[in-house]
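**Q** Could you build the full structure based on these sequences and the hints that come with them?
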Amino acid sequence: MARVMFFGRLRDIAQCSERPVPFDGALSLDAFRRLVASGDDDLARALQAESTRVAVNATIAPRSVDLVIHPGDEVAFMPPFSGG
Amino acid sequence: MARVMFFGRLRDIAQCSERPVPFDGALSLDAFRRLVASGDDDLARALQAESTRVAVNATIAPRSVDLVIHPGDEVAFMPPFSGG
Amino acid sequence: MSEPPATDERAVRIVCEAFDPEGEIAAFRAAHAHAGAIASFTGCVRGGETEALALEHYADLTHRTIAGFVHEARARFDLMGVCIIHRVGRMAPGEAIVLVACASAHRKDALAAVDCLMDRLKTDAPFWKREETGEERRWIEPRAEDVAAARRWNDPASEDGRS
Amino acid sequence: MSEPPATDERAVRIVCEAFDPEGEIAAFRAAHAHAGAIASFTGCVRGGETEALALEHYADLTHRTIAGFVHEARARFDLMGVCIIHRVGRMAPGEAIVLVACASAHRKDALAAVDCLMDRLKTDAPFWKREETGEERRWIEPRAEDVAAARRWNDPASEDGRS
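Same order as they appear, the protein sequences are chains A, B, C and D.
Note that my numbering gives residue 43 to position 57 of the first sequence, counting from 1, and the numbers run on in steps of one.
Note that my numbering gives residue 42 to position 56 of the second sequence, counting from 1, and the numbers run on in steps of one.
Numbering-wise, my numbering comes out as the position in the third sequence, counting from 1, plus 205.
Numbering-wise, my numbering comes out as the position in the fourth sequence, counting from 1, plus 205.
Since the hints were derived computationally from the structure, they do not count as laboratory data.
Treat each hint with caution, since some may be false.
[Said to hold, decoys possible] Computed list of chain C residues with no C-beta within reach of chain D, every gap over 10 Å:
{"id": "1", "residue": "H239"}
{"id": "2", "residue": "A272"}
{"id": "3", "residue": "D320"}
{"id": "4", "residue": "E350"}
[As the list claims (entries may be wrong)] Here chain D is said to cover these stretches of chain B; the calculated rule only asks that three of the stretch's residues, wherever they fall, bring their Cβ under 8 Å from a Cβ of chain D:
{"id": "5", "stretch": "-13 to -6"}
{"id": "6", "stretch": "39 to 48"}
{"id": "7", "stretch": "61 to 69"}
Backbone N, C-alpha and C define an ideal beta-carbon position, used for all residues, glycine too.
**A** Structure (structure tokens):
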């Protein structure tokens, strides 16, 4: 199981701020995103968007890295930041 | 007569902050500076320095202009500004 | 780099309640009396169009991310101190969202560091901003010029901010 | 250019007594609640080496010269308000010499305008600054980089300050 967090407008699309996602073994980011969206096309598109950043265990993942998600990870999906 | 004002370190060299300078007719800036320095070489050099700016009647004169000083004028000699 | 990294940690505060930017600048200036130059920027909720602004963040990540910006600014500019306060939660028009203040011996370092830190805060820290007007809730996306402004600090050779 | 030139006149104050920069910034921010961005710079007498600083000016010329800088900044940047307070006379370490604050809709205009106005005040306004340490009195000449910084605003095509 992983803990998945949604921020900003991704939270509105997912209709929750976090959700437990059960799975075994290790998953590629692509497979994990499909699992998280689980048939919700809007959410699937939003999670795959170029502008959506991913943090694993509160560390922002560089876009260039092939991420692997493990059970126990905290995975955050983040739309473009707008602070200040 | 003109009212002559000295600012910053020019005041230290002239040993006064202002001085009346009597004359008739109109004078070029060069002739006026000689009259103001009246034999004081240090003051003459300071007044002629490239970095010394001149204001006539509280208006800064562009360096490129051939100034003419008239009786009644207020003439300020100003070393480089250092505000802020 | 005149102070230990621990100071950078304390220099950053994320707050849930309204704060007093000018009181903070005064305290910051008093704490850096040996500095000749204090530059600051305060960002506020604009009156008029918006009834309220709501700001959420990723708490586990925010403070550490901003502390990294402070570290970067201290490496790039000659600073005696940095203060960053960023509000989260729901806030009303006129209230301060963010304060950045920098102290240095010369004004160019303080001003450029404030500029740099604000660029980072706009697009590189995990904050999300929402405007509320009547029934409408609208997420704010960063503007293209904000993204471009932040990117110019990424090139170590760039001295744009100090020109 | 959203306010008449008369505002530029009132925006500039030359003061002979100590003033409270943060109190002034707070009042300025309250007066421009419709602006989202307030940038400011406070220059202080540095502690340590100097016992006192004495600043003289050419009163008949100073205010008008600075009002001209404000006019220039308003033409160059999109500003909602400007506040400049410059102290003259004798002042002690820690006391404020100058405050420049600018209000705008977006941070880049406010920050660049403060930068521009400080450059002008350093080298283009009739102020003369003297340090007093023990028996020694030393006139301060502008630094070469201050002169260069002010010159870059002279070219109307230059957008350095907005980069």
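**Q** Each hint: holds or not?
**A** Against the structure, the hints:
1. H239 (chain C), annotated as away from the interface, has a beta carbon of chain D within 10 Å; the closest lies near 5 Å.
2. Consistency note on A272 (chain C): stated as away from chain D, and its beta-carbon is indeed over 10 Å from all of that chain's, at 21 Å minimum.
3. Separation of D320 (chain C) from chain D is inadequate, the least Cβ-Cβ distance of about 5 Å not exceeding the 10 Å criterion.
4. For E350 (chain C), the condition that its CB be more than 10 Å from all CB atoms of chain D is violated, with the nearest at approximately 8 Å.
5. With 3 residues having a beta carbon nearer than 8 Å to a beta carbon of chain D, the stretch -13 to -6 of chain B meets the requirement of three or more and the stated coverage holds.
6. With 4 residues having a Cβ less than 8 Å from any Cβ of chain D, the stretch 39 to 48 of chain B passes the three-residue criterion, so the hint holds.
7. Residues of the stretch 61 to 69 of chain B with a Cβ under 8 Å from some Cβ of chain D number 7, which satisfies the need for three, so the listed coverage holds.
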